[in-house]
Each structure stands twice: as C-alpha cells, then as structure tokens.
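So the sequences go chain by chain: A and B.
Here my numbering is used: the first residue of the first sequence is 1, the next is one more, and so on.
Here my numbering is used: the first residue of the second sequence is 1, the next is one more, and so on.
Keep in mind that the hints are not guaranteed to be accurate.
[Stated by the list, open to error] Here are the simulated DSBU-like cross-link-like pairs (lysine-lysine), alpha carbons at most 30 Å apart as the crow flies:
1) A:K27 / A:K116
2) A:K27 / B:K131
3) B:K131 / A:K71
4) A:K71 / B:K120
5) B:K153 / A:K20
6) B:K120 / A:K46
7) A:K20 / B:K131
8) A:K24 / B:K153
9) B:K131 / B:K172
10) A:K69 / B:K131
11) B:K120 / A:K24
[Claimed, not checked] A few chain A residues that don't get close to chain B, going by computed Cβ distances all over 12 Å:
12) A22
13) K110
14) K145
By construction, these hints were calculated from the structure, which means they are not laboratory data.
In this text, a Cβ means the ideal position worked out from N, Cα and C, and glycines have one as well.
Single-letter residue listing:
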Amino acid sequence: MPMEGRIDEFSILEVLSLIKSASKTGKVMVIFDEGKTGEIYVVEGKPVHAIYGTTQGENALLKMIKPSKGKFIFTVGAVTTQRSIESISIDEIAAKVEEKQQSIQSLQEKIGDLDKYLAFNKLLITGVELDKDEWNFLPEAFSGKKIREIAENYEEGDIRAYELINSLLEKKVIRLSTRPTIMSLDGRPIGNQQTVTSSTAPTSLKTTMTRMTHTSLKNEAMRAVVEKGPSSTPTPSESTGTGTINLKVKIRLKTYMSTTGSEVAWVDTSILSKWEEELGRPVRRVVVVSPSGKQTDVAIKGEEGIGNLIYLLPITSFRLKLTDDDIVEVTPLD
Amino acid sequence: MVVLKASLNEIPLELVLTLPRSRTDTFDIMYQDENYIYFIPVRDNVIRFVGRSPRLGLFEESFFNSDPFWTIPLIIENHMQTYQQIIDNNAYYKQSPLLKKTAKKKFYEDLILTFFIAEKGEVAFSFDIYKDNIPSETEYPLDTIALELEDYKLQMEFLREAIPLDAVPKLKVDDLEQLEGHLGPIDWLIFSLINEQRTVQDIALESGIGFRETLSILNKLNEAEFIELAR
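Given these sequences and hints, build the entire structure.
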C-alpha cells in the first residue's frame, strides 16, 4: 500500500523528509490539480531522479517543491535505473528552495504585477543587444499567457523565466500589458518591428538587423537568423526604396471592409508612423506588388503589434495570387 | 477530506504523525487493522476519546479505496454500546462506581497505546474534523504518549508471550480462602471471568479494562499458581 496525501497540506519537501527519516526506497508521484504530473525516485531516502514535464533532475525536483494543489502518492519499492540528481541531502534541497524562493521574490518584486501580460515595447527604437536565451524566450513572452503562467510553464524553470523577463524589461524590449499580445491567425505570437542585434552573432555579422519578434525562434531557420545574422536569410522587411517596404503576407480570414467599401489591408502602426514621418503626411492607401508582378492598391490601416506582416483580405490575396508568407512590396500612394 | 493516508506496514506511525502534527494540533485519525476500525479525535493535542468498532459491516475495504471518515458516527455508536454492555454485564461494575471509573481509565489508556504501537494496518488523517458530540472519556496529551510508549511496548511483548491470547485460563485453587489477601478488586473482576471456556482474548475484551491490565493480572495469577493456561 502506498502513502498518499494532499500537497496543499504537506509540501513535497516535508514528504521527502519523512521518506528520508524512514530511509525508504520508492517513487513519489506528484499529481497537480491543474493536470501536470511529476515523479521523484528515492533510494534509501535520497532523491536520485526526478522528472516533471520535460524537465529532469534537480530543476524538476525544485519545480515540484512549490506551494500548489494536488496530491502525492509514495509507492514503496518502485525503482528506476535513471539518475538525474547528484547526491543531495534534504537539507540541501531545503536550502536551495529557500534560496530560490528569495530570488523569485526579489525578481517578482522587480517585475511587478505577475497577473499582467507581456507586450513588445513600442517605444523601443534604437538597437539593443539580446543574448541567445533572451531571443529564445521571446516566443514564450508573447505566448498570450500571464507572466505567472509563463514562468510556471517555462521549461528551464520559473526562476530562469523571471530572470529573462526582468532582463528584457530592463532592456526595455518588453513592457507589462493588461492585455495578451495579439496572436497571428495561425496562432503564432507576433510583435512589433524593432531594431535589435544579436550578441551571439559573430562580430562581422553582428550588424543591426531589423527583425520581427513574431518569428518562432524554435524554428531552425530563425535560429539561423539569430546566430548568423540577417545576410544568410531572406530579409522580409528590408526597405527597397523611399517608402517602399517588403512585408510578409498574412491572409486575414474575416470579412472586413473599410467604411468606404474598398478593400483594405493592415500594416503595423509603427510603419504608418514611419511613412508619415518620411513623407510628411498620413498614408491612407498603398500599392501592393506580388512576387509575380501583379499589383493592386488598397486602403491601409494600422494595427498594433503585427510587425513585418501585412494582413490582406482573401479577395486581395486571391487577385494577386498570394498565399501566407509570400513577400510583397508595399508602397505608399500619394 | 482525507489529507494523508499511509500503510503502517511501510512507514512507522511515529513518522507519519509528524506530517499532520507539523500543521495543526487538532485533527481526526482513522485507523484500520485486521479486525477493527478506530476513530481517534485529537483536539488541541489531547486525546479524550477513542472509538473502536469491528470492521465487519462498517468498512470492509482498504482506506485507500475511499474516504473512511463517514463511518465516525457509526463507530462512536457501536463503541459506546459495546462498552456499556461490558459494564452492564459485570456485577462488579454495578457494585462499585469507583471500579468502573478505574476500569474506564485503564481501558482507554490501553486503547490509545494499542494504536500508537501499531506496526500494521492503515491510517488516515483529516483536518476537516468531526464536529458533532464526541464522548469525553479520558484525557491523554499526545506529548505524554511518547514517554509511555516504549514501556508499554516492552510490557506487551512480554505479556503476550507469557499469556498467549488463545490460551484458556483454568483455576488451580479449590478454595477461595486460598486467595484471600492476595487479590485486589480488579483482580477479582478478572478472576470472575475465568470459566475454563473463555480464552485470554475473550477475557480481555470482556473485562472492560483493556488488554494490558487484563494480561498483567492473568500473569500475576499465573505466577502465583492460582490459574494455569491451557491451549
């Protein structure tokens, strides 16, 4: 028969401490009410292996030792050949948990309201340097989850998530928002067009690059952009002339027409602002040129946070024979 | 709601108890061994009642299959009725209220200590305590139990070996005069239950003073050669 109990009443640390006192070998299964599960294997009272989601080892163990609702089941005698935890005593775990709690608390205080969302900081204009981890974290930041949820679900642990959020906030790449970041039609997170550099790129390639944060950095192609710089990959939003920019097509699957009855497209509000600054007047219509040379003019509207995308209505994309991710030239009309 | 369940075959009770005691000094315990189910309410770290009822008909399954705390009123009722019957069926108790009081003290002491030395069975804890009337029959602070436990355990080990539960005590004296001056009131009570048919266990269950006291008296009678044990 196992031992089982509520983790809202007894922490996993206390349970491990009890198992240590009894010098038992077995498996502690942790079942959180939210649906996640984890396992901790102990040999003669010492934790030797832990797995929680995709995380293993000490990180997994520390993730499970958190105030939460759920239950644990300790099955005496269950063993595994896996070893992901170096020899560590319960006291050391307790010390680490304490240390972690203090670090988290300090980071949380710096970050502020954890029930808010993260959004791209539109005020960011000049170049900033992001390291690889920060780049890789951006899709998490714009996953539409609250800060607390992002941290709880981050593979490398909540403390690392808070560190990265804090760092990105300090660099003013992101800001707190009361609303989730807009999601693209295919569900990928998107953000504003910004000028940032990758500090992981070789110096020769470490040029300022105009990049879009919507890119899934888990995608190998986009990793290449981060690591090798923009010259090795298409540059979707490089400027090709005064006022003309290249944007990536995203077909907007909703029957929206402008109030004038003409076809309408959407670009990032920052692009509209930039055009207005360059041309000295607001831009209301643009010409869209497809890769095959077909073109049409449409009314243009601004939409926050869509970066290098241009949202086109299905009718426009059909006429120009465009599909998602095609690159089009967009030029403001006089 | 059950907050903790454990099998005492695998984790000693003294260790299991550290978890609920680290949280609160008021909680309910249910314990199930081969034959009985127990209800042990702890209020402000003091035990004032233990209810014991045969498992049969009350709770046949393992504690791990469901929440056992619903049986509390049934256990209390069964326990009180059973103990009352013991008292009612024994003339000694009718004659002496003081004897009844002493017996009750020893009975509950034995019941509590029996639970705390348990090495088998299943135990469950709830912080959502039973709030209806619970009889107040004794007063045993949890902290004092640990002090007595080791002695109790050693004594019970010795007594169970010396006085096997399945043995049938038989009288070795022909004349009551031989016993005069040797037996106290509780000894007489036990002596009165020896009918050459009851086993040691039967006598312990019917004495109303618990196993330790019953076995101690039977051991004394045996050593004095007033009785002999047949198996």
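What are the numbers of the hints that this structure violates, sorted from low to high? 1, 2, 7, 9, 12
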